[in-house]
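Undergrad: Chains as they are written, first to last, in my numbering: chain A, 1 to 355; chain B, 356 to 440; chain C, 441 to 703.
These are computed hints drawn from the structure, not numbers from a lab. Each hint can be trusted.
Below, simulated DSS-like cross-link-like pairs (lysine-lysine); rule was C-alpha separation at most 25 Å, straight line:
id, chain 1, residue 1, chain 2, residue 2
1, C, Lys657, B, Lys427
2, C, Lys657, C, Lys699
3, B, Lys427, C, Lys658
4, C, Lys658, C, Lys699
Derived Cβ-Cβ restraints for the label pairs, each shown as a range:
id, chain 1, residue 1, chain 2, residue 2, range
5, C, Thr456, A, Leu214, 46 to 52 Å
6, C, Thr597, A, Leu354, 56 to 62 Å
7, C, Thr597, A, Gly318, 44 to 50 Å
8, C, Ser511, A, Pro2, 46 to 52 Å
9, C, Ala460, B, Gln430, 16 to 22 Å
10, C, Ser478, A, Gln305, 58 to 64 Å
11, B, Pro383, A, Ala180, 49 to 55 Å
12, A, Ala293, C, Gly598, 54 to 60 Å
13, B, His392, A, Asp181, 54 to 60 Å
14, C, Gly599, A, Glu216, 24 to 30 Å
15, B, Asp429, C, Ser511, 31 to 37 Å
We treat Cβ as the ideally placed atom computed from N, Cα and C, and that holds for glycine.
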Amino acid sequence: MPALLEGSEAIADAMVAAGCRFFSGYPMTPFTEVLEHMAAKLPGVGGTCMNAESELEAVGMAWGAAATGTPSATGSTGQGLSLMQESLAELTYAAVPLVVLNMARAQGDYWQATRGPGHGDARMPVLAPMDVPEATELTQIAFHLAARWRNPVLLFGDYYLAHTSTSVSVTPLGLPPVAADDWSLDGSTSGTGRARLVSPLGTTKRNDRGGYDLAEHYARCAARTEEMLAGIDPLVETGFTDDAEVVVVAFGTPAKYVRAAVSRLRAEGARVGYVRPITLLPFPTEVVAQAAAGARVVGVYENNQGQMVDDVRLAVAGATPVEFIGRLSLDGSGFGIAPDLDGGYVRERIEELLA
Amino acid sequence: MSTVLTRGTVVIDVEACKGCDLCIDACPPRVLEMTVHEVNTRGYRYPRLLPGCTGCQACAWICPDFCFQVYKYDQPIALTVRDGS
Amino acid sequence: MSGTSHHEATERASMTDYVATDAPPAAGAHLVDDFTPSLLDIGEHSLCPGCGEPIAMRAILEAIEAVGAVSRAIGVIGIGCYTAFSNNLDIEVLQALHGRAPSLATGVKRAKPDTLVLTVQGDGDMVNEGLQEVLHTAARGENVTCFMLDNGVFGETGGHMTATTALGQRTKNTLDGRDAAQHGFPIRLSTLIADLDGAAYVARGAVNNAGNVARTKKMIRRALETQEAGLGFSFVETPDAPDYLTSTLAPVHAPGVLKDVRA
Numbered sequence: 001m002p003a004l005l006e007g008s009e010a011i012a013d014a015m016v017a018a019g020c021r022f023f024s025g026y027p028m029t030p031f032t033e034v035l036e037h038m039a040a041k042l043p044g045v046g047g048t049c050m051n052a053e054s055e056l057e058a059v060g061m062a063w064g065a066a067a068t069g070t071p072s073a074t075g076s077t078g079q080g081l082s083l084m085q086e087s088l089a090e091l092t093y094a095a096v097p098l099v100v101l102n103m104a105r106a107q108g109d110y111w112q113a114t115r116g117p118g119h120g121d122a123r124m125p126v127l128a129p130m131d132v133p134e135a136t137e138l139t140q141i142a143f144h145l146a147a148r149w150r151n152p153v154l155l156f157g158d159y160y161l162a163h164t165s166t167s168v169s170v171t172p173l174g175l176p177p178v179a180a181d182d183w184s185l186d187g188s189t190s191g192t193g194r195a196r197l198v199s200p201l202g203t204t205k206r207n208d209r210g211g212y213d214l215a216e217h218y219a220r221c222a223a224r225t226e227e228m229l230a231g232i233d234p235l236v237e238t239g240f241t242d243d244a245e246v247v248v249v250a251f252g253t254p255a256k257y258v259r260a261a262v263s264r265l266r267a268e269g270a271r272v273g274y275v276r277p278i279t280l281l282p283f284p285t286e287v288v289a290q291a292a293a294g295a296r297v298v299g300v301y302e303n304n305q306g307q308m309v310d311d312v313r314l315a316v317a318g319a320t321p322v323e324f325i326g327r328l329s330l331d332g333s334g335f336g337i338a339p340d341l342d343g344g345y346v347r348e349r350i351e352e353l354l355a
Numbered sequence: 356m357s358t359v360l361t362r363g364t365v366v367i368d369v370e371a372c373k374g375c376d377l378c379i380d381a382c383p384p385r386v387l388e389m390t391v392h393e394v395n396t397r398g399y400r401y402p403r404l405l406p407g408c409t410g411c412q413a414c415a416w417i418c419p420d421f422c423f424q425v426y427k428y429d430q431p432i433a434l435t436v437r438d439g440s
Numbered sequence: 441m442s443g444t445s446h447h448e449a450t451e452r453a454s455m456t457d458y459v460a461t462d463a464p465p466a467a468g469a470h471l472v473d474d475f476t477p478s479l480l481d482i483g484e485h486s487l488c489p490g491c492g493e494p495i496a497m498r499a500i501l502e503a504i505e506a507v508g509a510v511s512r513a514i515g516v517i518g519i520g521c522y523t524a525f526s527n528n529l530d531i532e533v534l535q536a537l538h539g540r541a542p543s544l545a546t547g548v549k550r551a552k553p554d555t556l557v558l559t560v561q562g563d564g565d566m567v568n569e570g571l572q573e574v575l576h577t578a579a580r581g582e583n584v585t586c587f588m589l590d591n592g593v594f595g596e597t598g599g600h601m602t603a604t605t606a607l608g609q610r611t612k613n614t615l616d617g618r619d620a621a622q623h624g625f626p627i628r629l630s631t632l633i634a635d636l637d638g639a640a641y642v643a644r645g646a647v648n649n650a651g652n653v654a655r656t657k658k659m660i661r662r663a664l665e666t667q668e669a670g671l672g673f674s675f676v677e678t679p680d681a682p683d684y685l686t687s688t689l690a691p692v693h694a695p696g697v698l699k700d701v702r703a
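Taking the hints into account, I'd like the entire structure generated from these sequences.
TA: So this is what it looks like as structure tokens:
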């Protein structure tokens with residue numbers, strides 16, 4: 001039954017539908033409403049929503065809850081995500097599932113999302129919805145991926161997603177259940193000689209001597225990361241790329257505008273197409289390369305100083321010129337409400353490539 | 356020669372000892388004494404036991420390296436002490 | 441001050457008076473204390489000779505058994521010398537980052553309220569890096585028990601000043617002794633926590649002699665019982681050092697029970 005919901009609420013409903021029973025957060029625009037909605041919804045399904053004293057504690061509480069096998073999530077906006085980076089990296093080393101929301105301001109957090117989390121060789125799958133209905137699906141996929149790979153997974157949203165109200169119904173996707181949990185903590189293995197350990201320093205208890213072997217552990221983490229990245233099929237949407245001489249790559253909300261502009265230009269006879277990465281990590285490298293192969297130029301449109309353009313260049317590998325046609329566009333609030341996100345403006349930027 | 360009533364005894368894991376001396380002062384009847392010249396394979400001096408242990412467990416509680424196993428005799432025994440000290 | 445020391449040249453007793461300690465008595469005796477507490481898998485560690493942290497760890501593990509909570513116990517361990525133990529404990533362990541154990545413990549206990557959740561953190565971890573976490577966890581009255589192993593320094597990284605270092609105490613970066621004008625004043629964390637309404641049991645107990653170990657064991661047990669009774673946040677700080685350091689820390693962080701809502 002569709003309802004008129006703001007994106008934050010639809011995403012909250014999707015989290016609850018995915019089984020999330022613990023959420024923690026700290027208010028920060030434009031993430032705050034997600035926290036409000038989870039605080040309202042979780043108690044009714046036997047879950048807990050915590051107001052943490054900072055983003056550091058928000059990710060900490062979610063880590064603790066997730067370690068008990070409870071599907072958990074946290075979130076913030078880019079600045080708050082910055083505070084969480086150490087923990088997110090260490091969560092990958094500890095093999096703990098967690099869904100993390102970035103309700104971003106503009107799109108300047110692309111590097112934070114895909115080159116992060118944090119330090120070392122940690123990697124975190126990133127899903128970037130374009131609109132609220134897609135967000136409700138990707139949220140459920142995020143929980144599935146997190147549990148399947150025992151890793152944090154980031155949902156990359158933005159101000160528009162959080163605050164746009166649309167008619168939407170959250171449809172449970174019915175994703176396959178993941179393997180039985182043989183690792184989480186509830187106290188029951190204490191005192192048995194086989195007490196479980198959840199640690200970013202090592203995931204198995206040593207029985208020969210005390211302490212950790214970090215060389216061995218990080219090697220295993222690297223192998224797990226490789227397996228995860230190889231095991232996730234990148235999600236991507238393409239349009240009109242078969243005979244396109246100009247291909248435009250965009251993600252998230254701006255991709256809606258690019259898609260609309262490209263459709264209009266196509267209807268007028270221009271040979272233009274688009275590629276919309278939905279998983280920013282793993283990046284749909286092959287699809288981008290394929291679309292670029294027959295094109296004269298690839299344009300990358302994003303609301304920042306040029307971040308995803310790096311991944312497009314890597315994918316294209318010099319076969320076709322790549323041009324950055326985006327720019328940082330904000331209104332006075334700084335929250336990412338972009339004056340540039342206007343069908344006319346986006347079309348103009350693409351037309352410059354066609355000329 | 357005299358005898359000392361002894362209510363308990365300990366097994367000492369000499370190789371685990373790091374020579375910290377905490378047990379010497381912790382022992383209420385003062386029946387632990389560090390070696391002076393003997394050392395374990397890691398080079399640390401270690402405690403030796405004299406007659407008079409009461410099995411009070413103070414050494415086990417205070418030892419940071421878990422070197423002591425404490426036993427209590429079902430009946431106190433009399434141990435002889437040659438020097439009468 | 442100490443008894444037989446390394447500096448005495450002679451042994452007190454004749455070699456032949458020593459009692460054999462290499463094997464248990466053949467008969468007529470019963471075991472009263474094993475090498476390691478049953479919840480410690482491996483006693484071997486590379487903490488310094490005489491360090492009080494293993495002494496406190498032993499007391500904590502024995503208290504978990506004493507309150508009958510073994511099969512519900514989850515330890516959230518901080519980062520410091522004692523972290524090496526997190527791989528040796530026969531209780532479920534959630535390893536946290538420096539300062540972050542209280543927030544993880546909060547998440548565990550909220551998700552699984554029937555577990556016995558405790559943190560083990562050093563003074564550097566808890567009072568420097570993680571001051572915000574422990575204060576808020578106490579203020580919220582989370583039903584967890586936090587243990588601070590206080591040796592007045594950042595031990596694992598080489599012995600530098602922390603927020604609990606006493607005035608006059610020499611550390612690697614206060615070689616002339618901590619000076620208030622340069623380094624400010626120590627934080628008496630237990631005192632701060634006792635003032636919070638959410639805190640139900642707050643105590644400090646030394647472990648520098650057997651008598652103090654016995655007293656501290658009672659405090660630790662009482663803290664865990666406070667959690668089991670659902671009364672709010674419980675906290676025990678153990679100044680964890682041999683005599684000379686305990687006597688430096690004790691005037692600042694005075695041993696005793698600061699708060700007990702059940703008293």
